[in-house]
Amino acid sequence: MSGGIAVETLSEAEARTELARLSKEIARANTAYHGEDTPEISDADYDALKARNAAIEAAFPHLKRSDSPSEQVGASPSEAFSKVTHEQRMLSLGNAFDAGEVAEFDARIRRYLGLGPEAPLTYTSEPKIDGLSLSLRYENGRLIQAATRGDGQVGENVTANARTIDDIPERISGAPALLEVRGEVYMSHADFAALNVRQTERGAKTFANPRNAAAGSLRQLDATITQARPLRFFAYAWGALSEPLAETQMGAIDRLGALGFVTNDMTRLCDGPKEMLAHYETIEQARATLGYDIDGVVYKVNDLGLQARLGYRSTTPRWAVAHKFPAELAWTRLEAIDIQVGRTGALSPVARLAPVTVGGVVVSNATLHNEDYIAGRDNKGMEIRDGKDIRVGDWVQVYRAGDVIPKIADVDLTKRPEGAAPYEFPTVCPECGSDATREEGDAIRRCTGGLICPAQAVEKLKHFVSRAAFDIEGLGAKQVEMFHADDILPVREPADIFTLRARDAENVSKLAKRDGWGVTSAANLFQAIEDKREIEMSRLLFALGIRHVGEVAAQDLAQHYQSWEALTSALDTARPAALARRAADEAADAERRAAAEDGRRARVSEARARAFAARNVPDESAAIWDDLIAADGIGPVMALSLSDAFANPDERGAIDRLVAELRSILPPETRADDSPVAGKTVVFTGSLEKMTRAEAKARAESLGAKVSGSVSAKTDLLVAGPGAGSKAVKAAELGIETIDEDGWLSLIGDA
DNA sequence: GTGCCTCGAGTTCC
DNA sequence: CTCGAGGCAC
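Quick note on the numbering used here: the first sequence kicks off at 818 and runs consecutively.
Some clues are possibly wrong.
As the list claims (entries may be wrong) - Simulated crosslink set (BS3-like; lysine-lysine; CA at most 30 Å straight-line): (1) K1327 <-> K1279; (2) K1224 <-> K1022; (3) K1295 <-> K1330; (4) K1205 <-> K1224; (5) K1279 <-> K900; (6) K1544 <-> K1523; (7) K1330 <-> K1279; (8) K1497 <-> K1547; (9) K1523 <-> K1507; (10) K1547 <-> K1514; (11) K1091 <-> K1507; (12) K1507 <-> K1544; (13) K900 <-> K1295; (14) K1141 <-> K1091; (15) K1022 <-> K900; (16) K1497 <-> K1514; (17) K1547 <-> K1523; (18) K1295 <-> K1224; (19) K1507 <-> K1497; (20) K1205 <-> K1232; (21) K1544 <-> K1497; (22) K1022 <-> K1232; (23) K1205 <-> K1141.
Since the hints were made in silico from the structure, they are not lab data.
Please build the complete structure, drawing on both the sequences and the hints.
Below, the structure is given as structure tokens:
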């Protein structure tokens, strides 16, 4: 439907007619896609329509219509809203599930700040709204942008839709010149019920719960639909600011209220865990009468100065926690257990359930984790579910962990059908028939088929094109499966992606002629692939899907070696040492076992040394291996996994074929060192008076410094408080710069 | 050797 | 989002 005549040969009149037709079709597809009806066309067809529209507009710019689909808020279902990078990350919260964990939260904060158990410490306590987080950016009192949370770093621009929400003011006065207000968009129970009545009357799909209704409404391409939906907004936090809002959390919330935002009237100040738990009870009891969904209570350290000192862990602030309500439970029947095979060959059991509503969502699948989990044991062999195993036909109790992932909490043995047998976990891969084995001490059984296994091959390819890896537009999971199964234009390994265009050109059955594809969509895909012949080294490394080498490890490795050649030659040289290391590990294990058997003390290090020496590793190889495992974040397990992948002829062949297709592998960007301590190795010694040790370390690391515990030749700076002993002496001997706590604070500009 | 903390991998539903 | 496991500090 999208193909039509080649754009270059269109007459002006034809182009005009075609643009009108496309505009209409796309508008109809938009309405259909976004909830008013069931989708009528596939995403690929939709993208093809948009692509053709864009191509014609490019060829005849003067014919572009005022209602051109390319001008509308959304571009396509997959890239409907433009991306917005949050100036301040939008983080999630850590969780607490009982009184003990709340007390632990308080204790952790006191420890970190160096406060005794009796020192006064105030928290705010407020209901946790079950909606969607939104960040509103105000400049000089005007709303200029609204963005969803997304992955925390990058969200979606939903400004036009946010402007239709009554609780969100267009203008505010008396605010800082720059103010990002954060809060939750939600729908009340009453509005949700009324909306579903209207949906039913119109024969449209109803929403499963208020949260989904709010999410669906906010993500409308057509802001007039959002306007018709009764969305509300509670403000409870902030992002980037040109000046502080207040000195306390409570003060800031009051300030937001004064600026015209709706804040939650159940927010209270509490003097410690006891009062926090009491307020939790109050909120839990009010839950049914609030008129909107909440899923817990949030506690935050009230003093903003202390919040700043506490700072953040990788994904959560240290100064706040969400105390979640107990998860909703539901009983249903387990109809079957299926096995999925992941990219590393992991066999993952999935429960197929008789559909049941849990927490407002119909659940029909649940994860069963692994073999032991089904049998009723955890990874340490301890009983879970009182040791009850799970059998097909059982009545099982389902909950959604973190309100998302369905899991099985319990089994009703009284309802177990007669003759139900314990589940027998397969020992061969259900996809390829290879042996599926379990390493000692490992919880997961893995298919040994490697790339012979079609499931592993496809999953590996999906990983290769995924967002954090090659991120090829128009080549998602679905397309990868299609190409992998294709006999005419097969993609069986990463290099095949890059030869796709050339092979297509030589083929009679062109991609552009296929169902769901058109000239432009095929051309767009080929272009997207061409664009990725230039790729960052860390992405390439991550994309290979080597076990234990994730996004972060790939970045660490790129940082360490700087170039692809340096990395590969290091791995090649280090191979003998890697093999010797494995032999030593195995010898150590064997010795431990043998010793346990005949009840003597194990002589592990000797066995280890003997096995290593027997390998006669060249000095150069050993040196490179040592350098590899000394790299930041890289240990022997990762190093061995890497070494294996690059030494395996099949895998290495695929890697080399891929690299040959690439134009350039970009070295990592050297981190901008805008702080005076970036890249320096710092040691703290003696007592610190204005901050605790943990705090000093976290602060230094956030400025790009590496904090070490002992002084060595690698140390750049020693921060010595009163009572500094041997470390200060050693630093003096080595001629290392030494400063005191105040010197450190003024150095980093925190005086 | 032990105990954090972070990373990797797998998963559900829309 | 959660669990298991690797890395690293103590």
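Give me the numbers of the hints this structure contradicts, sorted from smallest to largest. Hint 22 is the one this structure does not satisfy, whereas the remaining hints hold.
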